[in-house]
Amino acid sequence: DTGVSQDPRHKITKRGQNVTFRCDPISEHNRLYWYRQTLGQGPEFLTYFQNEAQLEKSRLLSDRFSAERPKGSFSTLEIQRTEQGDSAMYLCASSFTTGVGEQYFGPGTRLTVT
Amino acid sequence: QKEVEQNSGPLSVPEGAIASLNCTYSDRVSQSFFWYRQYSGKSPELIMSIYSNGDKEDGRFTAQLNKASQYVSLLIRDSQPSDSATYLCAVQTGANNLFFGTGTRLTVIP
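In order, the protein sequence lines correspond to chains A and B. My numbering applies: residue 1167 is where the first sequence begins, and numbers increase by one. My numbering applies: residue 5 is where the second sequence begins, and numbers increase by one.
Hints may be right or wrong, so weigh each one.
Stated by the list, open to error - Short derived list, chain A residues pointing at chain B, Cβ under 7 Å: (1) Gln1207; (2) Gly1208; (3) Pro1209; (4) Tyr1214; (5) Leu1257; (6) Glu1268.
It is worth saying that the hints were derived from the structure and are not from the lab. All residues carry an ideal CB built from backbone N, CA and C; glycine is no exception.
Just chain B, with the same shape it has in the complex (with noise of 0.2 Å):
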């Protein structure tokens, strides 16, 4: 059985802080890892993926990965009130389909 775990939240961070977001998972040959935001009623929008351990940085996000630990998360600098939405982990095995986590709702604070 293939799963992802995700704090639900809500967390709540002020703007401007750094969010962080986390994520774990079961399978040990899982090889993909991705990211996506998820605004109320619309669909998920991919906004990083990561493949290697290690740090990937896109603009104000950062994801890291850490196979040994099977842990992966996700970093949102300089928060922003149009950062609040629901951001969901997903990871890939060796076959195609993505297996997601329950989300993790984030509010930003003005």
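The shape of chain A in the complex, shown without the other chains (with noise of 0.2 Å):
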């Protein structure tokens, strides 16, 4: 049984540079979260799609963050002109649509931008 699965695990950045990270959700998953978590905090939900579709954002995701998922499967997450403030674990979450809905969460990816 493959979990859900992270790319890359760690990621140094420059200010300003852009950076992307990729997950691959359990296999009959049709539902993909993207949280943040930064230390001594609990996960912050960014985005999530069913399927393709993107069906919410929080209020807290900046111009400067866009996620896809083109073909249902995979996501990617993107942030452009990265912060220091950017610094943090991004953890991805998939679940079914049915039932309740429990999410299983990646190993993360840890961005640092120096």
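Assembly of the complex is requested from the two constituent chains, each provided in isolation within its own frame, with the hints serving as guidance.
Structure, rendered in structure tokens:
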């Protein structure tokens, strides 16, 4: 049974650069979520997809952030013109549409903006 | 504003004792409740889900839900050093995303 995978696991970038993260959900899951977690805080919702449709975005998500899930399988999260405040763990989760929708997280991508 | 509150701890218990973790939430229409365990530097791992008032047991873990009091708890029986982690309470309403508390750090002392 393959869980949620994320790539890369770590990313160090300079302020102003663009970065892109990838998430591969559990294969049977058609919902995919992105969260961000900073030290000492719980994960904070960013956006979610059902199949290829992006159904909700957090109001906290700035215009520099964009996410896609082109074929309803893997998803990418891009951050343009990174800022030091973007340094965080970016978490992807997936779930079934039916049932209670328990969300299972991937290992995360730790972003450090210098 | 949906809020989920947890005592940040740290909570220290001796090995073999019962650890009790508590969580309150503000949105009365919340429907589903989850406990995640997160080891330092790792991602959250789902350990319990509960949807109805009452208790739900799974091995050494028991989740308790009281919707009238907007309160959910997690009991860990026979605590082990490997249970030392941060425990995150998460709440789901009609929307599909989860709202998390800041977590309670648990230390089990051998």
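Going down the list of hints, with the structure as the test:
1. Gln1207: Hint holds; glutamine 1207 of chain A Cβ to chain B Cβ min 6 Å, cut 7 Å.
2. Gly1208: holds, 3 Å
3. Pro1209: Interface hint status for proline 1209 of chain A: holds (5 Å vs cutoff 7 Å).
4. Tyr1214: This hint holds: tyrosine 1214 of chain A lies near chain B, its Cβ roughly 6 Å from the closest one there, short of 7 Å.
5. Leu1257: With a minimum Cβ separation of about 6 Å from chain B (threshold 7 Å), the hint on leucine 1257 of chain A holds.
6. Glu1268: Since chain B brings a Cβ to about 6 Å from glutamate 1268 of chain A, closer than 7 Å, the hint holds.
Checked against the numbered hints listed earlier, the structure breaks none of them; every hint is satisfied.
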